[in-house]
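Engineer: Chain by chain, the residues run as shown.
Number of protein chains: 4
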Amino acid sequence: MKPIRLGMVGGGQGAFIGPVHRIAARLDGHYQIVAGALSSDPARAAASAAEIGIAPDRAYADWAQMARAEAARPDGIEAVAIVTPNHLHAGPIRAFLEAGIHVICDKPLTATVAEAEALAQVRPARSARFLLTHTYSGYPMVRRARAIVASGALGQVRRVHAEYLQDWLTDPTDNKQAAWRVDPAQAGGGAVGDIGTHAFHLSGFVTGLAPQALSARLHSFVPGRPVDDDATVQLRLEGRAFATLWASQIAVGRENDLSIAVYGTKAGLEWRHSDPETLLFTPFGAPTQRLRRAGPGPCAEAAETRLPPGHPEGYLEAFGTLYTDFAALLRGGSSPDLPGLSDGLAGVRFVAAAARSSQAEGAWLPLDPA
Amino acid sequence: MKPIRLGMVGGGQGAFIGPVHRIAARLDGHYQIVAGALSSDPARAAASAAEIGIAPDRAYADWAQMARAEAARPDGIEAVAIVTPNHLHAGPIRAFLEAGIHVICDKPLTATVAEAEALAQVRPARSARFLLTHTYSGYPMVRRARAIVASGALGQVRRVHAEYLQDWLTDPTDNKQAAWRVDPAQAGGGAVGDIGTHAFHLSGFVTGLAPQALSARLHSFVPGRPVDDDATVQLRLEGRAFATLWASQIAVGRENDLSIAVYGTKAGLEWRHSDPETLLFTPFGAPTQRLRRAGPGPCAEAAETRLPPGHPEGYLEAFGTLYTDFAALLRGGSSPDLPGLSDGLAGVRFVAAAARSSQAEGAWLPLDPA
Amino acid sequence: MKPIRLGMVGGGQGAFIGPVHRIAARLDGHYQIVAGALSSDPARAAASAAEIGIAPDRAYADWAQMARAEAARPDGIEAVAIVTPNHLHAGPIRAFLEAGIHVICDKPLTATVAEAEALAQVRPARSARFLLTHTYSGYPMVRRARAIVASGALGQVRRVHAEYLQDWLTDPTDNKQAAWRVDPAQAGGGAVGDIGTHAFHLSGFVTGLAPQALSARLHSFVPGRPVDDDATVQLRLEGRAFATLWASQIAVGRENDLSIAVYGTKAGLEWRHSDPETLLFTPFGAPTQRLRRAGPGPCAEAAETRLPPGHPEGYLEAFGTLYTDFAALLRGGSSPDLPGLSDGLAGVRFVAAAARSSQAEGAWLPLDPA
Amino acid sequence: MKPIRLGMVGGGQGAFIGPVHRIAARLDGHYQIVAGALSSDPARAAASAAEIGIAPDRAYADWAQMARAEAARPDGIEAVAIVTPNHLHAGPIRAFLEAGIHVICDKPLTATVAEAEALAQVRPARSARFLLTHTYSGYPMVRRARAIVASGALGQVRRVHAEYLQDWLTDPTDNKQAAWRVDPAQAGGGAVGDIGTHAFHLSGFVTGLAPQALSARLHSFVPGRPVDDDATVQLRLEGRAFATLWASQIAVGRENDLSIAVYGTKAGLEWRHSDPETLLFTPFGAPTQRLRRAGPGPCAEAAETRLPPGHPEGYLEAFGTLYTDFAALLRGGSSPDLPGLSDGLAGVRFVAAAARSSQAEGAWLPLDPA
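Protein chains in written order, with the numbering used here: chain U, -18 to 351; chain S, -18 to 351; chain W, -18 to 351; chain A, -18 to 351.
Be aware that one or more of the hints could be misleading.
Heads up, the list lumps identical chains together, so a pair's fine if it works in one copy or across two of them.
[Unchecked claim] Taking lysine to aspartate or glutamate and the DMTMM-like style, the derived pairs with C-alpha atoms no more than 25 Å apart in a straight line are: (1) Lys247 / Asp152; (2) Lys247 / Glu282; (3) Lys247 / Asp56; (4) Lys(-17) / Glu285; (5) Lys(-17) / Asp56; (6) Lys(-17) / Asp318; (7) Lys(-17) / Asp38; (8) Lys247 / Glu98; (9) Lys247 / Glu219; (10) Lys(-17) / Glu59.
Simulated from the structure, these hints should not be mistaken for lab results.
Just chain U, same shape as in the assembly (with noise of 0.2 Å):
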């Protein structure tokens, strides 16, 4: 099968989330990298791409031209991946999808929710599609987590408790991976923004219960900082379960510990990242079964991957496996695990209303469907 021609749009030199998407672009052999706006710099675009084997005369440094351009080639790129920060994705968003070219996006959608209002209602032309990369949704023991919940192991959920944890911004910081993300116009918001829209997306795929209101309590424990560093968030879902929501930059400790706990009345689930091929289930007066990626019991065709047991997969891994489900739904597969633009506006309006409850001692406010 020949490769997809893929486009980025930033990810240049220095970036952190684009070498990832390169490389789960890459894993799995269904993509090449032919074109790139991976600067707004001219200079920095042009040796950015030289870098990565584009050929120069692909190498933009506007995206707006680039998806002009990309869509008059006949070998043009049939897919593009935007890593730029959170406030540049709606822009080449729409670009892309009107000039026909499926987008693959970095998760939050957009900075405001505005920005993802509008940009749920663009038409894509050519049917293109869309695919946010909510990475953890890749990992082969949350998917079969959610193929439990869903074969009804479960009962009916009761209660949810989700964790991302970090804490790599617990003292004041300069660095260029902070910088953005702790300036309320580049990212929208904080440690809320930034991992808990994570939780708060993991929490949903993994029980399928949308989330219809909100309370949440952001804190900067980082004197001066102007967004948040903590965010604790409850949630009702739908058919009166409830969850929590707790995402922090500054638990000492912590590397990139997200985890995720789902109780129901018949049975109870648990999963983190730091031991990501493993997951937790418990029937209710049962054993506890220590479930693994390509192992035996419950739903286990849902995590079956590249390797045996026992042959650790990672976050590229599971970042990969998104690029190659979205690859099989490119060519006219289907690929109902994926998440899209309704995501990212559900994430965006999480942010949105999160902050907006913290400034109100934690009123509860609701969550439109999205």
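Given the coordinates of chain U, work out where chains S, W and A should sit on it, guided by the hints.
Structural biologist: Using the frame of chain U, we list chains S, W and A on its own:
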């Protein structure tokens, strides 16, 4: 050294916590149980007493009579352990303290705030002392955590999270242990009182910070249950620290899973009851250290107990340490870490405030200093 | 029930294992220590006895005299605990058994095979019984492992691996606990005797299979140490099973890390002392089950002890269970799991054979049935 | 940088390790697969090649022809990956090296010592280089372990233990992956060759110590199996260190559980494949440090790879790192950690010596330096 003569109120045949107190009293050889009002049913009181070697003339069916009779004997009990259901604590506490007999009482102090406040006014005869058995504060690594925070190694505490998760009330249940715990009149609260108070006490014990206000959300997930079986509480602590507590009795797969994480400006700490001999300590920017009971590292002396490292101590030893430290106190020593009446009053006020806050949609309510 | 009157030989001030035996005896209330020859130094014997509440007239400096005197008293001890260094076990064991007093002895049975074989010929007066405190066989989940193997759930046992790793003898040392353990005359062996015997006993206890032959390799890594500080042993067990044992006292970072894995034709089991309340059980082709003390799953009844699941029991409880089961035996019950003289003889023969095999470059030597 | 043109021998439809090599080659973008002799069956070779995008004129059924043809093309492959069963390694290795084409070969090097010794005499044309893919030496924390030992932080190494436990051959099996592995002619050994060689290589890789002699015991627990499915090996390493290795394919419940522990005079190290991002490091007398990939602590720079800490990398990334480091070598850099022909020869000699030792009841046999 001669053992302290101990009596017991409650803890007759079929009880859970009574036998635990007896083992704890016996463990280090500092107490001898010589009298008891183990049941209000005379026949059961007598049979229960005989079973544990109490002489028939000191087996009472009425604690008030026991307090009078023992206070009058030259060889009367010096201390009494009260292990009745929560709503039957206040009476014997007052009676024994006023009789000049030291009191050891299971938590929570009482089932109502009014009872607890009244107890706070009691004038014990002969300087009788009071111990509230908040078991977890007897764990060596919990005490070491407290010592590390007190040493300043964490800097300023910012964020605390404590969980106490069980699953035994997942289904409607009619067992004896469950029956009074889900009866508001006997228990004074559900999960928030039975186990949430442990998480609450632990947060204050480890951080040394007084709680100032709370916002709570209590759920009764099992239909028809008159008390909460899941409680989420947010706490404002002095010094601008923020804590979240989660107590649940419907978390399928969790046995008795208490944990606490404390994050400061300079370091973080994590302790979990399922691995009680370990404390994870991470100075910001340095590797996580796995501190162990009786092992090297900061504040090692706070966790020196009976056995060398690697010989696991557990719940009974933690409980026994409270008894042993109290014996030292009764013999004229000091034991600054022991929970007393003010901790008990604080706990009962916490439960009451949590219930009121939850009824008011999570409104913030002040917590008076005890 | 009246407590059993207990004496103690050894265990004076500064001892490690003596206090452990005393706690174990006290834990469940089945014993009362009323006599002791705690030291061969009269002044220290008296002071040590006073400290633990033994009446002066029953504080002996000579165990032989104690055996005679106690046997002659109408209120004399019914049982004695022997907690001296290894080379001082045989004398008192014989004396007390022949005086009709039950004996509880710390392991290993003796320092030499000749002593152990002689003891096997002793005819106890009045059917006096003998208990060797192989502590680890008192752990609930070790007993559950034994029950699961006995139930046939593993099929035929093929492969066993047991480790006992410590690090406290990493450096040359002159502390009291170390001194006699590294003296061949007092200890009868180094790591292989002090802890290797535990791994050896555990292998037989869990599998129920008799060892038939061994090949061993002992090392003394610390220059000048006269006994081994690291022992690797291969064992042929009956039924064509094969076991490897590894005992080390120079494994830096391991505290007291005993573990056992048993693999059969149908399932596997793993237990580790650092998490003693858990047993991993994997039927071939099915998920691993995390069995817990007092929790559900196969052979649950073999691990019902004092506390509900999630309230950790540990070393003292395991030790106490041996004492409690022995009390039941003395009162006429049955306790099929308790280690006795034949286990002790097997252990001493194991140590001797290991030393001879190692000197013969790992030659295979038969292990006589005890 | 232009990708290196890569060919592949073996790895057609249904293969396990072939696709792994392809992902590893692709991961960091340093290789492009342009030719292959993926099967000796012409139709399957052609179909397999088409599936992975190899042009029909470069899809060969005969590796000898491929070596000749590719060496003759101006755009011929620069390197080749050999992923055939073990007994089919030697021929293509020689052919490609002599054609001046770099060789990447799956381990073990060959099925016999004679083949391996012959290969050691091959004179590659044009300085062609050789990589043996001992995957585990590509794990960041394994490399960090090696660096820590090399730094002297462990002092003198005394004791090493490495395990590689699987359970997939618990029952007699006829699957394709199993079939050739249990055929002595194709595999050259059973568990000892398939996975024991990994443990053997890892021991030398981490400690930097050459093995001098071994004593081995191989078992075939499954009746009728012509090769071992369980291997226990003792090794004498230079400097008076002692190692034990255990490889098993009948350890029910173990997936692919490689681990290594190294104990020196000053510190200890433990690494386990099931948690590959963690290395436990204990300086004697200090707390255990939980070192993490890309995290702080000793020799951190040895484990800097693609992602920040807490974003798990795994098996494919370790494999990819070997490919990437080899690419750096081919481009003129240095990669001192990469396994080569001498490691391969040592491994094959290890397997042969283990078989002979086991037949001689565990006799000690010297291991020649490779």
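Engineer: When the hints from earlier in the document are held up against this structure, which numbers fail?
Structural biologist: Violated hints (numbers, rising): 3, 8; every other hint is consistent with the structure.
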